[in-house]
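A.B. asks: For reference, the chains in residue letters:
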Amino acid sequence: MPAASPAAEAPSDAALIAAWRGGDEQAASELVRRHARALARFLAGAGANDADLDDLVQETFIKAFRAIEGFRGQCQFRTWLFTIGGNVVRDAGRRAARRKVVALSEDLRSPEGDPQAVAEATEAEQRLNEGLQRLTRLQREVFLLRAQQGLEYDEIAAALGTTGGAARVHYHHAVRRLKEWLT
Amino acid sequence: MNEHELETLARGLGTARADRVDVERIARGVVAGLRQAPAGWRILWLRPATLRIAAVLVLLLGAGLLWRARVPPAAPVHPDHYIYEDLNGLSSDELRDVLSTLDQTLQDASPLPADDDLNDLSPDQLRAVLRSIEG
Chain A
1 MPAASPAAEA PSDAALIAAW RGGDEQAASE LVRRHARALA RFLAGAGAND
51 ADLDDLVQET FIKAFRAIEG FRGQCQFRTW LFTIGGNVVR DAGRRAARRK
101 VVALSEDLRS PEGDPQAVAE ATEAEQRLNE GLQRLTRLQR EVFLLRAQQG
151 LEYDEIAAAL GTTGGAARVH YHHAVRRLKE WLT
Chain B
1 MNEHELETLA RGLGTARADR VDVERIARGV VAGLRQAPAG WRILWLRPAT
51 LRIAAVLVLL LGAGLLWRAR VPPAAPVHPD HYIYEDLNGL SSDELRDVLS
101 TLDQTLQDAS PLPADDDLND LSPDQLRAVL RSIEG
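Sequence lines, in order, name chains A and B. For the first sequence, our numbering begins at 1 and goes up steadily by one. For the second sequence, our numbering begins at 1 and goes up steadily by one.
Only chain A is shown next, with the shape it has when bound in the complex (with noise of 0.2 Å):
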């Protein structure tokens, strides 16, 4: 018998996909734990403030696999997550300007009031993710893609339903902007 191949120990996001479709509850659970970092990173690079950050990653994998039937491949599996997860981001933020507890501009810009979190964050990266929020959203979210996540611009256009050219101008006003108010 041959030695099973890496595919078949490690099924695709297809597979999976297909699986929970089928009503299996562990392969969403693999998912989860397959893109549940990478997924957290984006969010906290679109504004998502730190001490939620764990819930609205909880919830953009359940608004996802609830939309599922609206995933038809035209991106990866994660690109696709971290444009459903930008909409979280903002919809959390919105809840958060209703309720008026902590000003939005403030408590999404930065990790402040968490003291490990503030430790952990250089003031560079402090800068960064100040500056990310003073973008527009589909600027900041080309950002985030194409440096943080390394996706190519065809993907990031895909996701984002614009063109490789368009993702491409506002990856380059980003970073204007970026650099602008980082120096």
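Worth flagging that the hints you see were computed from the coordinates, not collected in a lab. Please note that a few of the clues may not be correct.
Just some of the chain A residues that point at chain B, by a computed CB distance under 7 Å [what the hints assert, rightly or not]: (1) Glu25; (2) Arg33; (3) Phe65; (4) Ala124; (5) Ala147; (6) Arg176; (7) Leu178.
Virtual Cβ for every residue (Gly too), placed ideally from N, Cα, C.
Given the coordinates of chain A, work out where chain B should sit on it, guided by the hints.
C.D. replies: Okay, now just chain B, sitting in the frame of chain A:
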């Protein structure tokens, strides 16, 4: 800061925080959340657009019922069927009985034969008389 330094900084953004994410707890929470609410209907009904559409439909339905209650249905211009359609199965005597109930009307209607003359008519002729009455 140049572009390369910016990208290097961006690559590490959020890494420390993401490392503290409790992935197993999130996985359990996701499965529990998916079990809780039946996808589809509950979400659909919570959408403001769905609620607005439902409210409009209820209003239209109510207005329709109110309109029907206030405005009586118009009587049909023509009856659904004609009398002569019921006459095919009648014998000569039965047809004469029917005609006798219409006697006065028949006489007023002028060109029709008098009662006595009806006795001489065949069933087909009697049916023809009734059809002419019905117009």
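A.B. asks: Output the numbers, in ascending order, of every earlier hint that fails for this structure.
C.D. replies: 6
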